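There are 2 protein chains.
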Amino acid sequence: MLQLETREQMHSISRRWREEGVQTAFVPTMGNLHDGHLALVRAARRVADRVIASIYVNPTQFGAGEDYQTYPRTLDADRKALEQAGCDLLFIPDHATVYPAGLDDAVRVLAAPALSNTLEGERRPGHFDGVVTVVARLFNLVSPDYAVFGEKDYQQLLIIRRLVDDLGYDIRIIPVPTVREASGLAMSSRNNYLAEAQREAAGALSRMLLEVVGLVEEAGVAVDFAAIEREASSGLQSLGLQVDYVAIRSADKLELPGENDQKLRVLVAARSGKTRLIDNMEIIRVGI
Amino acid sequence: MLQLETREQMHSISRRWREEGVQTAFVPTMGNLHDGHLALVRAARRVADRVIASIYVNPTQFGAGEDYQTYPRTLDADRKALEQAGCDLLFIPDHATVYPAGLDDAVRVLAAPALSNTLEGERRPGHFDGVVTVVARLFNLVSPDYAVFGEKDYQQLLIIRRLVDDLGYDIRIIPVPTVREASGLAMSSRNNYLAEAQREAAGALSRMLLEVVGLVEEAGVAVDFAAIEREASSGLQSLGLQVDYVAIRSADKLELPGENDQKLRVLVAARSGKTRLIDNMEIIRVGI
Chain R
704 MLQLETREQM HSISRRWREE GVQTAFVPTM GNLHDGHLAL VRAARRVADR VIASIYVNPT
764 QFGAGEDYQT YPRTLDADRK ALEQAGCDLL FIPDHATVYP AGLDDAVRVL AAPALSNTLE
824 GERRPGHFDG VVTVVARLFN LVSPDYAVFG EKDYQQLLII RRLVDDLGYD IRIIPVPTVR
884 EASGLAMSSR NNYLAEAQRE AAGALSRMLL EVVGLVEEAG VAVDFAAIER EASSGLQSLG
944 LQVDYVAIRS ADKLELPGEN DQKLRVLVAA RSGKTRLIDN MEIIRVGI
Chain X
704 MLQLETREQM HSISRRWREE GVQTAFVPTM GNLHDGHLAL VRAARRVADR VIASIYVNPT
764 QFGAGEDYQT YPRTLDADRK ALEQAGCDLL FIPDHATVYP AGLDDAVRVL AAPALSNTLE
824 GERRPGHFDG VVTVVARLFN LVSPDYAVFG EKDYQQLLII RRLVDDLGYD IRIIPVPTVR
884 EASGLAMSSR NNYLAEAQRE AAGALSRMLL EVVGLVEEAG VAVDFAAIER EASSGLQSLG
944 LQVDYVAIRS ADKLELPGEN DQKLRVLVAA RSGKTRLIDN MEIIRVGI
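Those sequence lines, one after another, are chains R and X.
For reference, each letter of the first sequence is one residue, going 704 to 991 in the working numbering.
For reference, each letter of the second sequence is one residue, going 704 to 991 in the working numbering.
Okay, chain R solo, but in the shape it has when bound (with noise of 0.2 Å):
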């Protein structure tokens, strides 16, 4: 696996890549990677002749009070996990090389508004915007024909997309199914934060968004949303754990679902002592 730093290098394999016809897929982490990882770089490996990940811990996506400064580093785990997976190519690139003008003075993206500004965006105002920020840059950087993300995040997923499509990158984006432990509790560098007693009861997350779905699909047209999710998050309160939101929204958008829609999403945000987990699951309406 080889390994680069500087935005030379970067650019110069990528034209030579693209010159030779190798198609490259692009995974962008922030290391500390776990199952949930490695399979964003088996799903790269399925649609390009080569896989480029990037390790960069991305600072303006942080909020004031999160946790960038402790946010897990694992850097050699890391690499030896990505070769073994199949990556090609691993890209760190340190703060100059992504924020050469450092981060006041900084060209900055701006997710598009409607999709940013709710759920995860209402919590962690100017998160997407960091994102998007970073995400643009590598992009760049790296030049891939394709970039895969988890449907983990699913709000980034969709805001990523737009990104691509608002943008006009010729980009096509992989999303890749969540990994969860035995459990149900989706895979995340966060977990780590979770001491074993809190680790179990996180599982009732994704037990929830089942039971939501399966709710869901079975009311037909007389669904009730608002009660299903105030039901789903009380029962999360009474297992201890502090429920920003349980949001079930259309798919496509992330608005209100009307009563014909046929695929939506359920979303769940909470927190574990200090720990924020989110996870969140398909929900599709048969004959609706």
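What the hints contain is simulated information worked out from the structure, not anything from laboratory work.
Keep in mind that this is a model prediction, so the values were computed, not measured.
Some clues are possibly wrong.
Which copy is meant is left open, because identical chains are indistinguishable; a pair holds if it fits in one copy or across any two.
To be verified - With a straight-line cut-off of 25 Å between C-alpha atoms, the simulated SDA-like cross-links for lysine to any residue are: (1) K956 x L813; (2) K966 x G789; (3) K956 x A809; (4) K956 x T800; (5) K977 x Y771; (6) K855 x L806; (7) K977 x V725; (8) K855 x W720; (9) K966 x L897; (10) K956 x H798; (11) K966 x A804; (12) K966 x G805; (13) K956 x G805; (14) K966 x T773; (15) K956 x Q772; (16) K966 x A925.
Got chain R sorted already, so can you dock chain X onto it with the hints?
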């Protein structure tokens, strides 16, 4: 000369050329082409195998009350002029191609704050954000190796350089000196708005710039920048021009000049009747 209108066509030919190792230089324009634009096309020919020009009047860089609706559209003449100047591909996207999600819910790019908050940015709020928002889109649609911009819009040139450096684009920016009419008036599509008498008075702008260049270069270390600016400004006012600014700034960052800065730029913006004109010249202080 090839003419393309859709994103799919543009992406596809751009991919093909990259795979064939063909180098491209891109000249984005808003049409209504004059000799200044054709100098950009000729510069593009010198650096690359193929020249791509675009014509798109970008709504997001016009402010309220500016001339978006009346901006001159002269497509047939533009097409002929480009072909004669040696352009290989003309890209004429419509609004849905450049802003597929419309304007209100669009992903936006914000220009580097320090460079874009002064001079033109101060007088035309949001103008440079509109410029980088459309230029980023065009860069992603066209994926050129080079992009060519005129020094006539000097602040824009610096802001585009920062866009490329900061967002990590693998694109080299080629600056082209301003083309002038016999009177010294910098060529601009907006010169068409000028009546004959105004056109003559407008020639005073470039004579004033030349004078300022001479005064600064002669003054040496003892130069009083503010006095020279004031003098130049009142000279233009006395000719019936309404002056927005005459400003001597550092050539790279447009900051107030330091006593020992060697490379400066003098920039002017003034109105003749309803027509707003801008111009600028280089100042090299030898032996400072």
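The hints, checked one at a time:
Within a single copy, K956 and L813 get their C-alpha atoms as close as 17 Å, and across copies as close as 24 Å, so both meet the 25 Å cut-off. For a Cα distance limit of 25 Å, the shortest separation of K966 from G789 qualifies neither inside one copy, at 34 Å, nor across copies, at 51 Å. Only between protomers do K956 and A809 lie at most 25 Å apart by alpha-carbon distance; the minimum there is 14 Å, versus 29 Å within a single protomer. Proximity of K956 to T800 under the C-alpha cut-off of 25 Å is restricted to the inter-copy arrangement: shortest distance 20 Å between copies versus 33 Å within a copy.
For a Cα distance limit of 25 Å, the shortest separation of K977 from Y771 inside one copy, 14 Å, qualifies, whereas the shortest one across copies, 52 Å, does not. When the C-alpha separation of K855 and L806 is checked against a cutoff of 25 Å, the pair qualifies neither within a copy, at 28 Å, nor between copies, at 29 Å. With identical chains, the CA atoms of K977 and V725 are never at most 25 Å apart, being 45 Å at best within one copy and 54 Å at best between copies. Taking the shortest Cα distances, K855 and W720 never come within 25 Å of each other, neither inside one copy (30 Å) nor across copies (37 Å).
In this homomeric assembly, K966 and L897 never come within 25 Å of each other (Cα to Cα): the closest approach is 33 Å inside a single copy and 57 Å across copies. For a Cα distance limit of 25 Å, the shortest separation of K956 from H798 across copies, 22 Å, qualifies, whereas the shortest one inside one copy, 33 Å, does not. Taking the shortest alpha-carbon separations for K966 and A804, only the inter-copy value of 21 Å comes in at or below 25 Å, while the best intra-copy value is 43 Å. In this homomeric assembly, K966 and G805 come within 25 Å of each other (Cα to Cα) only across copies, at 24 Å, whereas the closest approach inside a single copy is 42 Å.
For the identical chains of this complex, K956 and G805 are inter-copy neighbours only, at 15 Å across copies versus 33 Å inside a copy, given an alpha-carbon limit of 25 Å. Proximity of K966 to T773 under the C-alpha cut-off of 25 Å is found in neither arrangement, the shortest distances being 37 Å within a copy and 44 Å between copies. For a Cα distance limit of 25 Å, the shortest separation of K956 from Q772 qualifies neither inside one copy, at 32 Å, nor across copies, at 32 Å. When the C-alpha separation of K966 and A925 is checked against a cutoff of 25 Å, the pair qualifies only within one copy, where the shortest distance is 16 Å, while the shortest distance between copies is 72 Å.
Violated hints for the displayed structure, listed by number in ascending order: 2, 6, 7, 8, 9, 14 and 15.
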